[in-house]
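Q: Residue numbers (this note's numbering), protein chains in the order written: chain A, 36 to 268; chain B, 36 to 268; chain C, 36 to 268; chain D, 36 to 268; chain E, 36 to 268; chain F, 36 to 268.
Each hint should be verified, as a subset may be incorrect.
Since the list gives no way to pick out one identical chain from another, each pair is judged satisfied if it fits inside one copy or across any two copies.
Claimed, not checked - In silico lysine-lysine, PhoX-like type, Cα no more than 20 angstroms apart, as pairs: (1) LYS266 to LYS37; (2) LYS37 to LYS55; (3) LYS98 to LYS200; (4) LYS266 to LYS55; (5) LYS194 to LYS37; (6) LYS200 to LYS266; (7) LYS55 to LYS204; (8) LYS256 to LYS266; (9) LYS200 to LYS256; (10) LYS98 to LYS194; (11) LYS194 to LYS256; (12) LYS37 to LYS204; (13) LYS256 to LYS204; (14) LYS98 to LYS37.
For the record, the hints were derived by calculation from the structure and aren't laboratory data.
Protein chains: 6
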Amino acid sequence: MKILVINPNSTVSMTRKIAKCATESVAEGTVVHTVNPPSTPTSIEGYYDAAMSESGVLDELRKGEVARYDGYVIACFDDVGIDSCRELATGPVMGICEAGLHAASVLAPRFTIMTTLPRVTAHIEDLVFRYGFNRKCVNVRAVDIPVLDLERCGNARHKIRDAIKQSIKEDHAEAVILGCAGMTDLVSWLESETQVPIIDGVRAGVCMVEALVRAGLRTSKACTYAEPRVKPQ
Amino acid sequence: MKILVINPNSTVSMTRKIAKCATESVAEGTVVHTVNPPSTPTSIEGYYDAAMSESGVLDELRKGEVARYDGYVIACFDDVGIDSCRELATGPVMGICEAGLHAASVLAPRFTIMTTLPRVTAHIEDLVFRYGFNRKCVNVRAVDIPVLDLERCGNARHKIRDAIKQSIKEDHAEAVILGCAGMTDLVSWLESETQVPIIDGVRAGVCMVEALVRAGLRTSKACTYAEPRVKPQ
Amino acid sequence: MKILVINPNSTVSMTRKIAKCATESVAEGTVVHTVNPPSTPTSIEGYYDAAMSESGVLDELRKGEVARYDGYVIACFDDVGIDSCRELATGPVMGICEAGLHAASVLAPRFTIMTTLPRVTAHIEDLVFRYGFNRKCVNVRAVDIPVLDLERCGNARHKIRDAIKQSIKEDHAEAVILGCAGMTDLVSWLESETQVPIIDGVRAGVCMVEALVRAGLRTSKACTYAEPRVKPQ
Amino acid sequence: MKILVINPNSTVSMTRKIAKCATESVAEGTVVHTVNPPSTPTSIEGYYDAAMSESGVLDELRKGEVARYDGYVIACFDDVGIDSCRELATGPVMGICEAGLHAASVLAPRFTIMTTLPRVTAHIEDLVFRYGFNRKCVNVRAVDIPVLDLERCGNARHKIRDAIKQSIKEDHAEAVILGCAGMTDLVSWLESETQVPIIDGVRAGVCMVEALVRAGLRTSKACTYAEPRVKPQ
Amino acid sequence: MKILVINPNSTVSMTRKIAKCATESVAEGTVVHTVNPPSTPTSIEGYYDAAMSESGVLDELRKGEVARYDGYVIACFDDVGIDSCRELATGPVMGICEAGLHAASVLAPRFTIMTTLPRVTAHIEDLVFRYGFNRKCVNVRAVDIPVLDLERCGNARHKIRDAIKQSIKEDHAEAVILGCAGMTDLVSWLESETQVPIIDGVRAGVCMVEALVRAGLRTSKACTYAEPRVKPQ
Amino acid sequence: MKILVINPNSTVSMTRKIAKCATESVAEGTVVHTVNPPSTPTSIEGYYDAAMSESGVLDELRKGEVARYDGYVIACFDDVGIDSCRELATGPVMGICEAGLHAASVLAPRFTIMTTLPRVTAHIEDLVFRYGFNRKCVNVRAVDIPVLDLERCGNARHKIRDAIKQSIKEDHAEAVILGCAGMTDLVSWLESETQVPIIDGVRAGVCMVEALVRAGLRTSKACTYAEPRVKPQ
């Protein structure tokens with residue numbers, strides 16, 4: 036089985052971090068490749084950035100289809116392009132926000148999302164609502180650290196830990212989803228510090244797409260996600 | 036006051052039709068210009084088409100800001116890019132699906148949308164849900180005519196009329212929104228044939244943006260719709 | 036075009052304040068008249084007050100139809116009588132709570148309402164819910180000042196400003212709707228103090244009704260809002 | 036215990052029918068009186084009719100408080116004035132739509148409402164939604180018989196029965212609420228004809244108000260339903 | 036009329052307390068018996084405890100049918116087994132959480148639940164949501180006292196009172212439901228201390244079941260709540 | 036990795052069918068065992084049957100913990116006991132209704148469930164609603180075949196196929212979930228007959244639990260799903 040993980044932003048160091056985490060999670064025999072489009076924004080921090088990366092994501096997915104990948108993960112927490120990608124893909128496509136929500140809802144009756152900047156919380160809340168998890172996902176919090184500063188900023192992990200502890204206390208969160216692919220390396224440390232399940236969407240996404248493929252499931256081509264129509268000129 | 040209407044697809048004849056209808060609706064003293072990006076799909080019939088037109092729409096909006104337009108209408112029924120456009124725009128931005136829903140909800144307690152192809156109904160239902168009109172908008176029906184065939188297909192208007200009559204009977208619709216900018220010239224005829232208010236999103240959108248501007252209102256720049264962040268390189 | 040604004044309470048000074056703000060907002064060529072019924076409560080602060088003013092509002096609307104007004108605004112934040120008025124009216128009818136919500140939802144993904152007394156917040160929340168804006172309108176706050184004290188009470192504007200600032204911080208509000216027609220003169224000052232869009236329902240209502248009329252739209256007479264039935268005696 | 040049933044319309048024969056049914060249902064020792072305001076519409080068939088009866092209903096309730104009634108039932112299916120009445124009442128107040136919904140939700144997981152005219156279904160759906168029963172109450176159907184024709188029209192009961200059978204088949208209704216106080220005498224016959232519980236809001240309302248009083252419960256005067264404020268003149 | 040109250044846990048002293056309160060509330064002529072299954076958990080504090088008591092509850096209900104009870108109350112705040120009981124019961128069945136919610140929603144537009152342990156709040160919130168009261172029931176709070184310590188713990192009542200006062204202030208609660216059958220003896224004291232209606236589900240449940248029986252209503256046997264199917268062996 | 040599948044009913048032939056399908060779906064190295072409790076109902080067709088099987092399911096899960104299984108699937112479409120099981124389990128627990136819904140929501144924007152008897156549809160709809168998939172899962176249909184007749188009844192598969200085709204046409208379903216573990220062997224045939232993804236909850240459940248385990252995720256023990264409390268005697 037071959038799974039393609041697409042990091043929508045063009046920051047190669049982040050793609051590497053995602054690749055590492057994605058590769059570790061799958062079953063023997065499953066191959067995971069991680070790519071990013073060449074000329075998208077270096078981070079996705081709002082609707083505009085997402086819009087500027089979507090056609091790049093679609094290019095990667097189109098190449099993926101030629102190379103016969105069995106399934107796809109969109110590794111940005113705003114799940115950029117998952118619906119358009121589904122029109123192109125034969126196998127299943129999941130975003131990491133979506134995957135994180137699916138996983139969390141099985142593990143805890145009440146959880147929260149911890150993301151980067153306040154400006155993206157409304158977008159994430161909108162996704163939560165559209166996916167139907169707005170009852171269980173009781174808050175979307177931002178630690179106010181830009182995506183690319185997650186690594187540069189020395190105390191990022193402590194700020195995230197403290198915000199998770201606050202969320203446990205104030206939101207009664209029983210699990211927490213990390214709301215950015217750039218936090219993917221903090222899972223174990225945060226879990227030991229906070230004693231609640233910490234869900235990383237990249238791991239969840241790769242494993243769940245693998246699961247869907249293994250269960251023999253593919254994107255429905257019956258109507259909405261049928262191949263894009265060829266236009267009369 | 037200057038309003039810019041952006042037709043996301045690249046079919047110039049449709050832009051002209053939209054322009055005609057948009058211009059007729061505004062107050063004296065309000066100037067409306069209608070444009071389309073040069074190289075987007077010739078019609079928007081799904082998530083993929085929408086994705087392929089969004090950066091073109093953003094280009095037009097950016098030019099609009101330079102030319103100091105007071106407000107914007109996105110004249111495609113999937114409201115492509117309204118959130119990303121709001122990050123760029125100073126004045127209000129509305130999509131024609133959104134505008135149609137706002138208008139219909141004031142005129143009737145129960146209404147429906149009549150659109151082109153079955154493949155876009157799930158997307159429109161998603162918009163209806165996100166905007167909060169899912170209780171009043173009781174159905175999204177498709178007449179199964181591709182966008183560009185609306186003009187070529189001789190009996191399109193009769194099919195639309197019959198579908199509206201069916202919706203009045205079966206859905207108890209008390210008003211109907213036309214779910215495609217290409218149907219904008221059929222309003223009067225359909226209204227006289229069906230005796231319910233027929234709402235065209237283009238007219239509704241232009242007039243409502245004009246209203247918001249006149250009421251002194253602008254897009255909030257407080258957080259979500261603030262200018263896109265400049266990325267460190 | 037002629038628009039009639041009906042202030043449901045009988046406080047003439049408030050009617051004058053509303054009239055001033057309503058008149059300033061419309062396009063050239065649009066005439067706005069503002070009236071109040073003669074013997075309704077002096078302020079509407081609860082369901083009972085609203086009930087005691089509704090037949091007076093209907094009297095004014097009936098007179099408005101005789102005088103051939105094109106549309107109507109009900110200028111009280113509990114939108115008293117908008118559904119019963121729609122049975123009498125040919126043109127569109129909007130309440131100022133409704134209009135404020137429509138406007139705010141275009142400008143910001145998350146906003147709040149700032150009203151007068153705690154006793155009316157449940158009623159307003161109910162309207163927000165019925166109109167479908169309960170996801171975007173994240174809180175309804177009361178400054179605990181009775182309607183008629185808004186002018187008498189020297190520091191009303193400062194209390195309102197402080198409450199808005201608190202709402203921006205705690206509710207992450209990106210725009211705020213003023214929840215009383217008596218606050219209509221505070222818009223500019225509050226906007227400059229708080230740096231978020233401040234939405235006044237009167238301005239929004241007058242401009243949106245004007246927009247609907249200009250777009251050629253009328254109340255649906257198909258079923259629910261048909262003329263009241265004449266009763267057999 | 037003394038319960039006051041208020042029929043909002045001024046048709047005395049209907050008040051008598053309601054009184055008969057209400058009196059039969061209560062425990063020994065409970066006294067029920069049924070009244071109607073003198074000059075309201077002869078039937079309530081829309082928002083306008085409801086608005087024209089609300090102040091009459093409030094007059095009766097005010098008299099009821101002087102006479103120290105323990106609880107109140109508003110015997111019209113649009114529950115006219117229940118919120119304003121609660122500001123005046125010490126004891127509990129229920130509408131018959133509300134009471135029917137509460138009762139039905141205990142008896143069946145899925146039920147419908149059978150009312151008179153199509154023009155009132157949107158209003159009833161709105162009540163169902165506000166009360167929170169929109170998931171269990173899967174349809175509101177109208178037999179298209181005006182309120183006052185329920186008795187005059189010879190085959191009304193057969194039309195209602197047939198519509199109930201259709202609702203069982205098409206809506207999978209497992210119980211049916213009669214959506215008009217004028218249908219109150221048809222319960223037994225309809226139940227034997229259709230074999231599902233038929234719920235009459237008048238009986239349900241009187242018994243449930245009796246239950247609330249017996250349980251020692253009163254309308255909360257903490258905030259929203261506090262006494263109407265006395266206005267400064 | 037004979038009503039059977041089933042306390043799902045096996046703590047006899049709690050059964051006695053429930054019996055006392057249930058008996059006081061009904062009309063003359065109504066007989067109430069209170070029982071508990073012999074070998075269920077001594078308190079129900081989670082999904083597991085509830086599961087371990089459900090077949091015991093069903094045994095008691097089955098005996099109740101043989102003895103021809105007219106209706107049933109399940110006197111545990113997680114409403115264990117109400118749906119399975121309805122398959123066995125001829126008359127109406129209510130849980131005390133359900134009954135408390137029905138009662139509260141008539142008395143106040145906004146109320147909360149005060150329960151024992153944090154671990155049961157998610158379960159109660161789920162019930163609130165399924166019954167459709169999630170809009171009016173704005174919070175479920177826990178005082179963090181185990182069920183069986185309610186009596187042993189000297190200051191339980193003061194902790195509950197303080198939590199109610201906090202809920203009035205922070206949640207704007209206008210009524211409060213006691214979220215445990217073991218709090219049933221505190222109603223009067225809490226009501227006098229807090230000045231809002233305090234709703235005990237046992238009283239509410241017994242009175243409402245009595246009301247439904249008096250109104251001639253029974254559990255629908257049309258489909259979902261039909262007798263359990265006899266299995267082929 | 037070891038996964039335990041628990042068939043709540045005591046029909047061994049069905050357990051075997053489930054085991055076959057479960058075993059085929061997992062990755063190399065994953066061991067799946069399928070068991071059923073010894074004395075539960077032979078099929079689960081309602082709330083009562085579910086209640087009568089839950090303590091048996093919990094017994095199997097308890098044994099599973101002793102044997103150190105990594106995750107659990109409850110293989111009955113009413114997801115009996117998933118919350119109580121989570122209090123006992125260290126690893127993740129999923130029901131097959133839940134798993135089917137998660138999978139379907141990734142593959143299609145609009146899908147339906149095809150189950151056995153009409154009496155279980157309300158229960159399934161309730162699960163759909165609680166899990167948050169009520170917007171995408173647009174209908175729950177029953178073919179009216181008892182569980183144990185699925186194999187005995189010669190034309191069961193044709194009835195199911197025809198019902199799926201009807202659902203595609205009338206509900207616009209783009210994927211269909213099989214609503215009974217006993218249909219698990221029909222997937223390929225139905226998929227080739229109907230051309231939409233057919234989702235079997237057993238396969239989906241086993242693969243998704245495997246995915247969650249592989250992603251390092253466990254049931255949160257923070258509060259709601261903590262070990263059941265030991266009771267004072």
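Q: Quick check: which numbered hints come out false for this structure?
A: Hints 1, 3, 4, 5, 6, 7, 10, 11, 12 not satisfied by this model.
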